[in-house]
Every structure is written in C-alpha cells, then in structure tokens.
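The primary structure of each chain is shown beneath.
Number of protein chains: 4
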Amino acid sequence: MHFASDNSGPANPAILAAIATANAGYAMGYGADEEMVKVTARIREIFEAPEAAVYLVATGTAANVLALSTLVQPWQTLFCTGPAHINMDECNAPEFYAGGAKLTLVTGADKMTPADLRTAIEGEENRGVHGPQRGPVSITQVTEFGTVYSLDELGALCDVSKSYGLPVHLDGARFTNAMVSLGCTPAEMTWKAGIDAVSFGGTKNGCFGVEAVILFDPAKAQEFEYRRKRGAHLFSKHRYLSAQMLAYLTDDLWLKNARTANAKALRLAEGLRSAGAKFSHTPQANMIFAALPRATHQKLFNAGAVYHLWDGGLEGADEEEVTARFVCDWSIGEDQIDKFLELL
Amino acid sequence: MHFASDNSGPANPAILAAIATANAGYAMGYGADEEMVKVTARIREIFEAPEAAVYLVATGTAANVLALSTLVQPWQTLFCTGPAHINMDECNAPEFYAGGAKLTLVTGADKMTPADLRTAIEGEENRGVHGPQRGPVSITQVTEFGTVYSLDELGALCDVSKSYGLPVHLDGARFTNAMVSLGCTPAEMTWKAGIDAVSFGGTKNGCFGVEAVILFDPAKAQEFEYRRKRGAHLFSKHRYLSAQMLAYLTDDLWLKNARTANAKALRLAEGLRSAGAKFSHTPQANMIFAALPRATHQKLFNAGAVYHLWDGGLEGADEEEVTARFVCDWSIGEDQIDKFLELL
Amino acid sequence: MHFASDNSGPANPAILAAIATANAGYAMGYGADEEMVKVTARIREIFEAPEAAVYLVATGTAANVLALSTLVQPWQTLFCTGPAHINMDECNAPEFYAGGAKLTLVTGADKMTPADLRTAIEGEENRGVHGPQRGPVSITQVTEFGTVYSLDELGALCDVSKSYGLPVHLDGARFTNAMVSLGCTPAEMTWKAGIDAVSFGGTKNGCFGVEAVILFDPAKAQEFEYRRKRGAHLFSKHRYLSAQMLAYLTDDLWLKNARTANAKALRLAEGLRSAGAKFSHTPQANMIFAALPRATHQKLFNAGAVYHLWDGGLEGADEEEVTARFVCDWSIGEDQIDKFLELL
Amino acid sequence: MHFASDNSGPANPAILAAIATANAGYAMGYGADEEMVKVTARIREIFEAPEAAVYLVATGTAANVLALSTLVQPWQTLFCTGPAHINMDECNAPEFYAGGAKLTLVTGADKMTPADLRTAIEGEENRGVHGPQRGPVSITQVTEFGTVYSLDELGALCDVSKSYGLPVHLDGARFTNAMVSLGCTPAEMTWKAGIDAVSFGGTKNGCFGVEAVILFDPAKAQEFEYRRKRGAHLFSKHRYLSAQMLAYLTDDLWLKNARTANAKALRLAEGLRSAGAKFSHTPQANMIFAALPRATHQKLFNAGAVYHLWDGGLEGADEEEVTARFVCDWSIGEDQIDKFLELL
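Residue numbers (the working numbering), protein chains in the order written: chain A, 36 to 379; chain B, 36 to 379; chain C, 36 to 379; chain D, 36 to 379.
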C-alpha cells in the first residue's frame with residue numbers, strides 16, 4: 036500500500052534489461068554513444084519533429100533548469116504558478132541556472148488561466164530597465180495537483196505567451212500520464228499547441244533516472260550542450276541514459292506504464308470517493324489529493340499504508356479532515372489497492 | 036511644479052560645498068580617506084551603535100543588494116512585499132547579488148503585517164532541501180506608497196522574524212523622511228526595533244548620490260567589503276562619497292531636508308484633498324498617491340506640472356479618475372506648490 | 036584494443052547485479068533510502084572517519100564542483116594545476132558553482148610542488164580587497180597525466196595549504212587507482228595527509244555512474260545538501276546510486292578493479308617501452324602517455340586500436356613522434372593487450 | 036610629493052564647476068537627462084562613430100565588467116594578461132558579472148604579443164564541450180606597467196582575435212594618457228584597429244568618478260542597459276555623471292590633463308634616470324616603475340614623498356634595490372617634482 040510517490044517504486048524490468056544489454060563492449064562517452072542516435076531519432080519520430088534537438092539528463096530538475104536557462108535572460112522573469120515544481124521544489128535551481136532570473140507567480144492555484152497569465156505579463160511592464168523583463172512561461176503538465184490541461188487550455192496559454200513574444204516551456208515530469216489522459220499525440224500536447232521546449236520525464240514512469248529535454252527550435256542546441264556540461268549534468272557513461280530512454284520508448288512501454296498508473300489511480304479515486312473522501316482537485320492522471328478524517332488516516336497508517344499528508348499532518352483533533360496525496364506508479368499491485376480500499 | 040521624484044531635483048548647496056572643499060590635495064583612495072573615519076564615527080553616534088560597520092556606495096540599489104547579499108544564502112528566500120523596490124525596481128539585482136536566491140512576496144499590499152509575514156514564513160517549510168530555505172526579511176521605510184511603519188509595527192515584524200531566527204533589513208532610501216515623520220531616533224527605528232542592517236539613503240534627500248550601509252553586527256563587515264569590491268561599487272576617489280555623507284549629517288541637514296520635504300508634501304496633500312482628490316494611501320512622508328479626474332490631470336500637465344500617472348495614464352474617457360504620484364523633495368519651492376494648488 | 040578512456044568500457048557485473056537487486060519494492064527517495072545508510076557507514080569505516088559526511092552524485096564534475104563550492108567563497112581563488120580537470124575539462128562548472136570564484140594555476144606541469152604552491156599563494160596577497168582572496172587548494176590524484184602523488188608529497192602540499200589556513204580538496208576521480216598504486220589506506224591518502232574533502236570516484240572504476248563526496252568535517256554537511264539539490268544533482272530514485280556504491284565497496288571490488296586496471300596498464304607500458312615508446316610521465320596507475328612515430332599510430336589505428344592522440348594527431352610528417360594517451364579499465368582483456376603489443 | 040596614484044589627487048576645477056552648473060532645476064533621472072544626449076553626441080563625434088552606444092558609470096571596474104559581460108558567455112574564457120586589472124584588481128568582478136566565465140592568462144608579462152595570444156587561443160581548443168569556449172580578448176591601454184601598445188601592436192592583436200571570430204575589449208582606464216602618448220585619434224586607437232568595446236576612463240584623468248562604456252556595435256545596447264541596472268550601476272541622479280563627462284570632453288580638458296600628467300611623469304622619469312634608477316618598463320605615459328636603493332626610498336619617505344613600493348617594500352638590507360611605482364596626475368605641481376628630484 037505504497038502511494039507516497041511515483042519515484043519510490045521500482046523501475047520496469049524492461050529498463051533494467053536494457054541497461055544490462057547496453058553493458059557490453061565499449062562505447063564513446065558524453066553522448067556520442069550509438070544508442071543516443073537512436074534515442075534522438077525515436078523522439079523526433081514520436082514528436083513528429085524532425086529538427087528537434089534532444090538531450091538526456093538524469094533528474095527532472097536538471098531537465099527543467101537547463102531547458103529554462105536557454106530560454107531566459109538573467110534580467111527577465113519566468114511566469115509559472117505558485118505550486119510549480121520550479122518554484123516550490125527545486126531549492127532555487129531555476130534562479131541559479133538562469134543567473135538570478137526571477138519567477139513571477141501567475142496564480143497560487145493549481146492551473147493558470149489565460150486571463151491570469153495575461154494579467155501577470157501585463158503586470159511586468161512600463162518600468163523600462165527598472166523592472167525585470169518579461170521572460171518565458173513554464174506550464175506543468177500533469178500539474179502538481181494531479182490535473183491535466185486540455186489541449187485547448189494549453190493552446191490558449193501559448194497564444195497569450197506568443198502574443199507577447201514569450202517562449203513556452205512544458206514541465207513534463209509526468210508527460211505521458213497527461214498524454215494518455217488526454218488521448219492525444221506528443222506533438223499535439225507540445226509544439227502544435229505552441230510549446231517550444233519540453234522536459235520529457237522518464238524517471239517517474241518506470242525508469243531509473245532519465246529525462247529528455249526537447250528543443251523544437253534547434254537554434255539553442257549548442258548553447259544547451261555547454262550549459263549541460265557546465266551544470267555537471269553530462270554523463271561520461273552516457274549509454275546508460277540512452278539505453279533507458281530507448282527501452283522506455285520501445286514497445287509502447289512509456290504508454291503502457293502511464294496507462295497502468297493512471298488506471299490504478301482512478302480506481303483508487305473511485306474507492307476514496309465511495310468512502311466519502313473529498314477531492315480538492317479532480318483526479319485526471321496518477322495523483323490524487325483527497326481529504327479524509329484524521330482518524331481514518333491513523334487507521335490506514337497503522338495498517339501499513341504509506342502516503343503523504345498535507346495541512347500539518349496527523350496532529351490535532353480526530354474529527355478534522357486532512358488532505359492526503361496518493362500517487363500510483365506502474366508497479367503498484369491491484370492487490371495493494373484492494374487491500375487499501377477494503378481498509379477504507 | 037515638478038513632483039516627479041525626489042531624485043530629479045538638485046542637490047543641497049551644502050553638499051556641493053562639501054565636495055568643493057574635499058576637492059583639495061591628496062587623499063587615500065578606496066575608503067581609506069580621512070573623511071570616511073568621520074562618517075563612520077558620526078553614523079555610529081547618531082545610531083547609538085558604537086560597533087556598527089558603515090560603508091558608502093552611490094546608489095540605493097547597490098546599498099540594498101550588497102546589504103542583503105551578506106544576510107542571505109543562495110538557497111534561501113527573502114521575504115518582502117510585492118511593491119518593494121527590491122522586487123519591482125531593481126531588475127533582478129537582488130537575485131544576481133545573492134547568487135540566485137528567491138524573493139517570497141509576503142503581500143501585494145503596501146505594508147506587510149506580522150500575520151502576513153508569519154504566514155509567508157510558515158509557507159516556506161516542511162519541504163526539507165526541496166524548497167527554498169527561509170532567509171532574511173526586508174522592510175521598506177518609507178514604503179513605496181508613501182506610508183510609514185510605526186515603531187510598534189516595525190518591532191512586531193522584527194519579533195516575528197526573530198522568532199524564526201531570520202535577520203531583518205531596512206530599505207531606508209527615504210529613511211530620514213520616515214524618521215522625522217515618526218519623530219523617533221535612528222536607533223529606535225532600527226536596532227532597537229530589531230533591524231540588523233540598514234540601507235540609509237542620502238540621494239533622495241538632497242545629496243548627489245550616496246547611501247550608507249549600516250551593519251549593526253560587524254561580523255559580516257569583511258565579507259561586505261569583498262562583496263562591494265566584487266560588485267564594482269568601491270569608489271577609488273571615495274572622498275567624494277564621504278564628503279557628501281558628512282555634510283548630510285552635519286548641522287542637521289538630513290533632518291531639515293526631510294522635514295522640509297515632508298511638510299511640503301503634506302501641504303500639497305491638503306490642497307489635493309480640498310480639491311476632491313482621493314488617496315489610496317494616507318500620506319505620511321514626502322510622497323502622495325492621489326486620484327484625480329483625467330481632465331484635471333490634462334489641465335495640470337498643460338500648465339506645466341510634472342508628475343507620474345499610474346493605471347495606464349491619460350488614455351481613456353475623461354470622467355475617469357487616475358491615480359498620480361506626487362513627490363516633494365527639499366528643493367521644491369512654496370511658490371510652485373501655490374501655483375499648483377491654484378490651478379487645481 | 037580499446038584504450039580510449041576508463042569511461043568507455045562496461046560496468047562490472049557486480050554493479051549491474053546490485054542495481055537489479057535494489058530494483059524491488061519501495062524505497063524512500065532523495066537519499067533517504069536504506070542502502071544510503073549502509074553506504075555512509077561503509078565509507079566512514081574504510082576511511083576511518085566516523086564523523087564524515089558522505090553524499091552521492093552521478094558525475095565526477097558534480098562531485099568536484101559541489102565539494103569545492105562548500106569550501107570556497109565567490110571572492111576567493113582556488114589553487115590547482117593547469118591540466119587539472121576542474122580547469123580544463125569542466126566548462127567553467129567550478130566557476131559557475133562557486134559564484135564566480137577564480138582558479139589560480141599553480142603550475143602548467145602535471146604535479147604541483149610545495150614550492151609552486153607557496154609561490155602561487157604568496158602571489159595572491161597584499162592587495163587588500165582588490166585581488167581575489169586566497170581560497171582552497173585542489174589536488175588531483177591520480178593526476179591527469181597518470182602519475183600519483185606520494186603520501187609525502189600530499190602531506191607537504193597540505194602542510195603548505197594549512198600554513199595559510201586554506202582547506203584542501205582531492206579530486207579522486209581515479210582515487211582507488213592511486214591508492215592501490217601507493218599501497219596505502221584511504222585515510223592515509225586523505226585526512227591523515229591533511230585533505231578536507233574528497234571526490235571519491237566510482238564511475239571510472241567499474242560503476243555506471245556514481246561518485247561520493249566525503250567531507251571529513253561535517254560542519255558544511257547541511258550546506259552541501261542545499262547545494263546538491265540546487266545544482267539539480269539530488270536523485271529522486273537515489274537507491275540506484277546507493278546500490279552501485281555499496282556493491283563497489285563490497286568484497287573489495289573497488290580494490291580489485293583498480294589493481295586489475297593498473298596491472299594491465301603497467302603491462303601495456305612495458306610493451307610500449309620495449310617498442311621504443313617515450314614516456315613524458317612515468318606511468319603509475321592506469322593511464323599512460325607515450326610517444327610513438329606517427330606511422331606506428333597509423334598502423335595501430337588501421338588494425339583497430341582505439342586511443343586518443345595529443346599534439347595535433349595524425350597530420351604531418353610520418354617520421355614525427357606523437358604522444359598518445361592509453362587508458363586501461365578493469366574490463367580490458369589480456370588478449371587485447373597481447374594483440375596490441377604484438378602489433379607494436 | 037604625492038605620486039601614489041592618479042586617483043588620489045583632486046578633480047579638475049572645470050569638473051567641479053560643471054557639477055555646480057548642473058545642480059540647478061529638475062532633470063529626468065536614470066540617464067534620461069539632457070546632458071547625456073550631449074555626452075553621447077560628443078563621444079560619437081570624437082570617436083568618429085555615429086552609431087556607437089554610449090553609457091556612463093562611476094567606476095572603472097564597473098565599466099570593464101559591464102562591457103565584458105555583454106561580450107562573453109558564461110561557458111567561455113576571456114583572454115587577458117596576468118597583470119591585467121580585470122585579473123588582479125577586481126576581486127573576481129569579471130567572473131561575477133560574466134556568470135562564472137573564466138580568465139585565460141595569455142602571458143605573465145606587461146603586454147601580450149600576437150604570438151602569445153594565438154598560442155593562448157589555440158590552447159583552448161579540441162575539447163568540445165569539455166573545455167571553456169573561446170571568448171573575448173581584453174587589452175589594457177595604458178598597461179598596468181605604464182607602457183603603451185602602438186597602433187600596429189593593437190591592430191595585430193585585433194587581427195589575431197578576429198581570425199578566431201573573437202571580439203576585443205579595451206580597458207582604457209588611462210585611455211587618454213595612451214592616446215596623447217601615441218599622438219593618434221580615438222578612432223585609430225579603437226575601432227579602426229579592431230576594438231569592439233571600450234572602457235573610456237575619466238576618473239584617473241581629472242574627474243570625480245565617471246567612465247564611459249562605448250560599444251561600437253550597438254546590437255548589445257539594450258542588453259547593456261539591463262546589465263547596468265541589474266548591476267546596481269544606473270544612477271538616479273545621472274546628470275552629475277553626464278556633467279562630468281561633458282566637461283571632460285570640452286575645451287580639450289581630457290587632452291590637456293593627459294598631456295600634463297604624461298609630461299610630468301616623463302620629467303620625473305628623466306630625473307630618476309639621472310639619479311641612477313633602473314626601469315623595468317620604459318615609461319610612456321603617466322606611470323613609472325623604477326628601482327632605487329632601499330636607503331634612497333627611506334630618505335624620500337622621510338622627506339614626505341608618497342608612493343608605493345613593490346617587491347616587499349622597505350624591509351631587508353639597505354643596499355638592495357626596490358621597485359617603486361610613481362604616478363603623476365594632472366594636478367601634481369612642478370614644484371613637487373622639483374623638490375622630489377632635488378632630494379634624489
């Protein structure tokens with residue numbers, strides 16, 4: 036009954052097998068391995084983007100901050116939501132990599148609306164060199180509260196951004212969970228909507244640790260390579276990153292893992308709803324925020340369930356409801372969900 | 036009828052005279068001039084802070100960012116208001132000097148309350164190494180909307196900060212305007228309230244361009260000196276900064292200038308009030324925010340008045356009211372105010 | 036006949052097996068996995084340093100720059116050799132992570148001597164706040180030219196550093212190769228000699244990609260954790276780093292791999308010497324720099340040998356000698372060396 | 036007998052008078068003052084560069100680092116000499132402003148030769164993303180040892196730089212001293228030779244504190260403005276910088292001051308030579324490095340002469356010779372030189 040995070044389960048056996056296969060003979064280091072050629076070709080294929088520049092790194096934060104730092108200048112401000120990972124959970128890595136650029140919080144809510152975004156962009160104006168200058172917009176998909184922007188929503192946000200000449204980045208740590216939730220193609224969820232750069236996550240969807248950065252306009256590709264090396268994120272034994280990503284994109288593993296994770300989360304959500312849990316955000320992918328009475332949490336924890344509480348946790352009066360986050364990855368067993376729902 | 040800013044009028048003749056006097060013979064450079072010894076002694080005297088470290092720079096932004104960068108670590112976040120100069124008007128200089136530290140906006144309002152501050156500090160918790168760590172608090176006095184924190188308000192904000200172990204910086208670009216408004220001593224408005232470091236402005240109050248940074252705890256004094264030099268803010272012909280500050284603090288020039296500026300602004304405010312202007316913030320120092328009908332602004336501009344409009348300026352329907360900012364410095368003539376009020 | 040680098044061969048099967056074993060069930064992320072507890076204990080044990088702070092990252096550059104950035108201030112200069120990896124091969128990552136600190140090149144030679152170091156440190160003096168301030172010393176062991184500092188040499192360099200109050204970092208990308216070459220203990224090659232922080236390499240000695248940073252004084256441990264996260268080097272699925280390092284330090288794998296690599300390199304060196312190759316530096320570990328006639332290189336390349344040339348490579352007159360770098364890792368087959376020496 | 040530095044004498048009365056004149060009425064802040072329009076026009080005129088972007092700051096270090104930061108990327112290295120001010124005397128400000136770029140020291144000598152420069156540039160090659168990338172070249176004119184590059188020398192250095200596509204910066208803290216020494220025009224010493232950006236000093240040649248940055252290609256002008264503000268170097272009461280620079284460039288004040296300073300220094304050099312002093316560098320402008328016996332220095336100091344010693348100063352055996360630096364500014368009296376030479 037482990038629902039703590041999609042980074043706490045094991046990697047898919049196919050990923051392990053790919054590493055084992057890659058672990059033979061000699062390979063050029065630093066991204067010059069033959070597998071990387073295949074990775075690039077495969078990502079260009081699935082994204083229908085034959086010119087895209089493609090790079091691999093090992094952490095989602097690295098993907099985000101390296102991608103963003105190629106889009107922003109140090110005297111600009113990045114537009115994102117308050118709960119965005121780049122604002123809340125990267126210990127100022129975006130500011131560090133961007134040379135001290137600022138983050139402007141478009142909204143404190145889960146999703147930004149086009150109106151929010153326009154207001155925020157308009158707010159950073161009229162001050163000449165005094166204020167920070169307007170910089171890129173970063174959208175998180177799946178959001179930090181487990182919801183998914185529709186293609187229309189994404190397109191509308193990109194339209195606002197483009198009307199100010201601002202590039203758009205997609206933090207896709209859970210890219211595939213969102214994509215299968217929407218039932219769209221990678222291209223539709225990215226460049227066709229107006230996205231310029233993507234952090235395409237693998238780690239949370241069954242890999243050991245690999246994320247791709249995709250720049251649809253390759254003009255900044257060389258700069259990205261310098262930034263990756265200077266950030267200490269260029270792997271010497273790069274083939275093990277390539278092997279993960281290649282296996283991930285082979286035989287629909289990425290899609291299957293995401294579908295599995297989403298389906299299990301939705302089943303869990305159904306059960307929680309039946310048990311009277313209240314949802315602050317409608318679950319659309321593999322992450323659920325649901326409020327239950329404190330006593331219920333206590334019971335579940337006592338029975339061995341693992342997940343995170345918000346709002347101060349278990350302390351306080353029993354009758355109060357406390358929001359919990361439940362995350363399903365590809366590996367969680369149906370029996371575990373059965374057991375959990377039974378306990379409920 | 037020039038009310039655009041307290042940085043657009045001339046310097047006080049006494050400041051010019053001091054520079055002329057200083058401009059004789061030889062002086063050691065880089066802060067080793069004899070006048071600087073007197074400046075330090077004088078500031079320690081008026082602040083009743085015999086151990087304080089005192090440094091001079093030429094711009095208010097330099098004072099702010101150098102002071103703050105000695106108080107903050109790059110992985111921390113600084114607490115300030117949305118309208119704060121360090122957030123709105125320094126083109127990311129604080130983030131640059133602080134190595135990519137973040138700014139957390141405690142409130143979008145003019146002043147932060149202790150409750151706001153506590154909420155903001157509490158909001159940056161519980162995420163271990165993931166979130167930015169809590170850093171210093173920066174308070175602006177006079178605020179960007181021309182109001183003044185009372186000593187009780189300052190003390191309460193410092194108490195909240197101290198309860199979390201966070202140091203407090205005072206952006207005193209208009210320090211003396213606030214002080215004479217409150218009728219308190221420099222010590223009462225700073226270290227006695229709990230302030231650790233001050234940007235003590237001279238430029239807006241009759242100098243050419245000089246600001247002191249005062250660190251009540253001299254432990255970071257050496258670090259400050261490296262940071263000032265590395266920021267390219269150490270003057271070789273430093274005596275001209277010293278001479279300004281010394282003249283500013285001689286014969287009560289700083290107090291007289293501030294009292295004059297405040298008095299003129301309050302007279303202007305009276306006149307505006309009589310003319311039906313609406314105040315978004317009660318004027319307490321030398322800066323007024325007042326709304327007048329667009330047609331009135333047009334008439335005033337046509338007659339030669341100079342000041343800034345907020346809210347999109349003159350475009351739009353005549354009947355609408357538009358907020359204007361009026362700033363008085365020490366030099367504005369009573370006749371100019373007469374003329375302006377007459378026009379009104 | 037692959038002698039290009041010790042990052043181009045496969046990982047040891049024991050490392051792969053450890054990852055496979057670790058890939059079961061759930062584990063806390065971000066370094067809170069149970070294996071990491073064992074890694075810390077094991078490293079403290081082999082280094083006889085019960086208080087040491089131990090952290091894992093995936094690249095050698097990350098280990099170096101994170102370790103160094105905890106030792107240096109942005110207004111200081113780091114002392115290292117010209118050929119040092121941190122100077123030549125990290126694309127300014129040290130300067131980036133250290134907030135713009137400088138590198139002072141103690142010598143252009145392979146090794147710095149105590150006299151070189153003293154002269155360099157003395158050279159950064161007497162300029163007050165104007166010059167960069169003296170910062171840490173970084174020593175590379177095995178050096179970039181395949182030689183090894185003796186314990187006496189290390190101790191003498193540390194003595195010079197300590198006489199100026201400067202901390203010392205050891206870039207141990209090939210730590211174990213040096214250690215088995217010297218026949219000493221980890222403690223003797225580090226803190227007993229006066230080293231404060233170590234980049235302890237695993238990647239080049241049979242792992243996929245893992246390096247430990249060891250801080251003998253844990254005072255900066257918390258700061259290191261913030262820096263690692265802010266650098267985007269904290270792995271969510273950290274257990275796969277832990278598993279590698281734990282397997283590496285189990286059953287003497289680290290020692291066996293290093294001994295094997297060194298022995299093969301020395302055998303290769305013997306053969307090269309017999310064939311008339313000239314050595315710019317005496318091989319002491321697993322890396323050889325030897326000059327051969329251009330025609331010989333051409334013949335070897337034609338036969339399938341893989342290694343890097345220095346000095347402009349194959350272009351030019353045949354009779355000239357060109358220096359080549361040959362690196363052996365644990366995996367290179369004796370048959371490959373046989374074949375290569377036969378060709379020679 | 037004050038020969039310590041050209042930043043220790045008084046400003047020229049014309050500069051003070053200009054500030055007094057400027058100190059009347061109201062002026063727009065932040066560089067929008069009317070005098071700045073004249074400054075730009077005047078500098079474009081004397082440099083025969085009608086498109087040049089022109090900006091003012093208050094310190095030479097600010098001019099250097101802001102100019103350089105628009106020419107360099109953080110992953111590049113800047114080429115300069117070891118004694119260059121940007122390397123020795125700016126406390127890592129260049130690295131700070133350039134986001135952690137490196138400085139490659141072309142030579143430890145006073146001047147770089149084209150061959151030195153070519154070798155240094157060639158040395159930063161062949162390592163792909165691993166090494167720092169080649170960045171701009173910075174030349175100091177007058178050099179730090181008081182010599183002057185001929186126009187041919189400057190042209191040859193620029194030719195080498197351009198053959199690699201690298202921009203060239205001129206640190207002209209003593210620009211006019213060099214120019215009058217060469218008897219050339221500003222254009223000849225800059226863009227006609229191949230220089231792209233200039234730090235054009237006023238402070239050391241009779242101003243209070245003002246330096247112009249001139250970018251012959253205005254493509255980076257907007258970026259420069261953001262960088263200046265973000266560096267906290269944009270003056271609110273900018274008119275006092277403009278007034279200084281305008282007076283400096285009026286009635287040949289800049290030329291007269293430099294000619295006076297150079298002439299006095301050459302007269303001093305003659306006297307020193309007659310007295311047996313040995314010159315490490317042939318004096319060509321207003322700065323002299325001459326060795327005298329320790330006892331002679333002692334005698335001169337006792338008589339009230341003020342200047343800096345190199346090589347450890349006065350300690351040691353009397354018979355040894357110690358190098359001293361003597362700098363003349365515009366203000367030093369002939370009587371002071373008489374007195375000094377008499378003492379000698």
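Honestly, I wouldn't trust all of these hints.
If the Cβ cut is set under 8 Å, some of the chain D residues that face chain B in the computed set are [stated by the list, open to error]:
#1 ALA49
#2 ILE54
#3 THR56
#4 ALA76
#5 ARG79
#6 THR238
No lab work stands behind these hints, which were simulated from the structure alone. A quick note: this is a predicted structure, and the numbers were derived from the prediction, not measured. Built from N, CA and C at the ideal position, the CB exists for glycine as well.
For each hint, the structure was consulted:
For the restraint placing D:ALA49 at the interface with chain B, the shortest Cβ-Cβ distance is roughly 12 Å, beyond the 8 Å limit, so the hint is violated. This hint holds: D:ILE54 has a C-beta 7 Å from the nearest C-beta of chain B, less than the 8 Å allowed. Interface hint at D:THR56: violated, since its Cβ lies 10 Å from the closest Cβ of chain B, which is beyond the 8 Å cut-off. Taking 8 Å as the C-beta contact cut-off toward chain B, the hint placing D:ALA76 at the interface is violated, the least distance being around 22 Å.
A distance limit of 8 Å between C-beta atoms decides the matter here; for D:ARG79 the minimum to chain B is near 25 Å, and the interface restraint is violated. Because the beta carbon of D:THR238 sits about 6 Å from the nearest beta carbon in chain B, less than 8 Å, this interface hint is met.
Figure legend: structure checked against the earlier numbered hints; hints not met, in rising order: 1, 3, 4 and 5.
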